[in-house]
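Engineer: Sequence:
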Amino acid sequence: MIYLEIFLAFLIPGILGYGGGPSSIPLVEREVVGTYDWMTTAEFAEVLALGNALPGPILTKMGAYIGYEAGGVFGSIVAISASVLPSLLLMIFLAAVLYKLKGTNKFKTLTLLIRPVIAILLGVIVFDFLFSSLEMSGTFHTVFLIGLSYVLLQLVKVHPALVIVIGLIYGALFIR
Numbered sequence: 020m021i022y023l024e025i026f027l028a029f030l031i032p033g034i035l036g037y038g039g040g041p042s043s044i045p046l047v048e049r050e051v052v053g054t055y056d057w058m059t060t061a062e063f064a065e066v067l068a069l070g071n072a073l074p075g076p077i078l079t080k081m082g083a084y085i086g087y088e089a090g091g092v093f094g095s096i097v098a099i100s101a102s103v104l105p106s107l108l109l110m111i112f113l114a115a116v117l118y119k120l121k122g123t124n125k126f127k128t129l130t131l132l133i134r135p136v137i138a139i140l141l142g143v144i145v146f147d148f149l150f151s152s153l154e155m156s157g158t159f160h161t162v163f164l165i166g167l168s169y170v171l172l173q174l175v176k177v178h179p180a181l182v183i184v185i186g187l188i189y190g191a192l193f194i195r
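Residues 20 to 195, numbered by the working numbering, are exactly what the sequence shown covers, in order.
Just so you know, not all the hints are guaranteed correct.
Listed next, with one range per pair, are the computed distances between beta-carbon atoms [what the hints assert, rightly or not]:
#1 I144 - S42: 35 to 41 Å
#2 L73 - G186: 18 to 24 Å
#3 L129 - A180: 31 to 37 Å
In short, the hints are calculated from the structure, not lab data. Virtual Cβ for every residue (Gly too), placed ideally from N, Cα, C.
Given the sequences, and given the hints that come with them, work out the whole structure.
Structural biologist: Here is the structure:
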């Protein structure tokens with residue numbers, strides 16, 4: 020019975036938590052603290068703080084920990100599975116729909132309409148990062164890293180992962 024409760028406790032936030040972690044956290048708290056009484060609000064706050072300190076989606080990290088606390092290793096597996104199941108099923112459904120539409124005029128039109136939106140969103144992110152870098156690191160370091168990255172990626176053809184590592188090393192050594 021505990022595994023069904025764990026499954027439901029993380030399936031509901033997985034379905035209703037549209038928007039990621041910020042919208043899922045109150046739903047998980049309601050289930051874990053209010054409905055099933057697996058932990059107190061203070062304990063939940065500690066789990067939330069731990070989850071925010073680690074990389075990755077918050078719902079799966081909290082599911083792993085809370086599921087383990089409530090039902091052991093299998094409880095952890097059940098909680099993670101329940102939290103990703105809604106997204107997984109939706110992706111499978113949408114992939115099937117897109118596969119059926121592939122090659123049709125509607126699909127080509129949709130693709131043409133989505134490209135500028137993606138380009139604008141990426142441009143906004145680039146400008147946000149640029150201005151943040153100028154403010155935090157200074158003009159010299161920002162311009163130097165942009166130039167170095169361009170040379171390494173376009174002219175020398177270095178793998179992007181290596182360019183990121185070089186940038187991290189440069190930042191650790193020269194930017195305070």
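Engineer: Could you say whether the range 31 to 37 Å given as a hint is met by the Cβ separation of L129 and A180?
Structural biologist: holds, 32 Å
Engineer: For the hint 18 to 24 Å, verify it against the beta carbon of L73 and that of G186.
Structural biologist: holds, 23 Å
Engineer: With 35 to 41 Å as the target window, see if I144 and S42 comply at their CB atoms.
Structural biologist: violated, 21 Å
Of the numbered hints listed earlier, the single one contradicted by the structure is hint 1.
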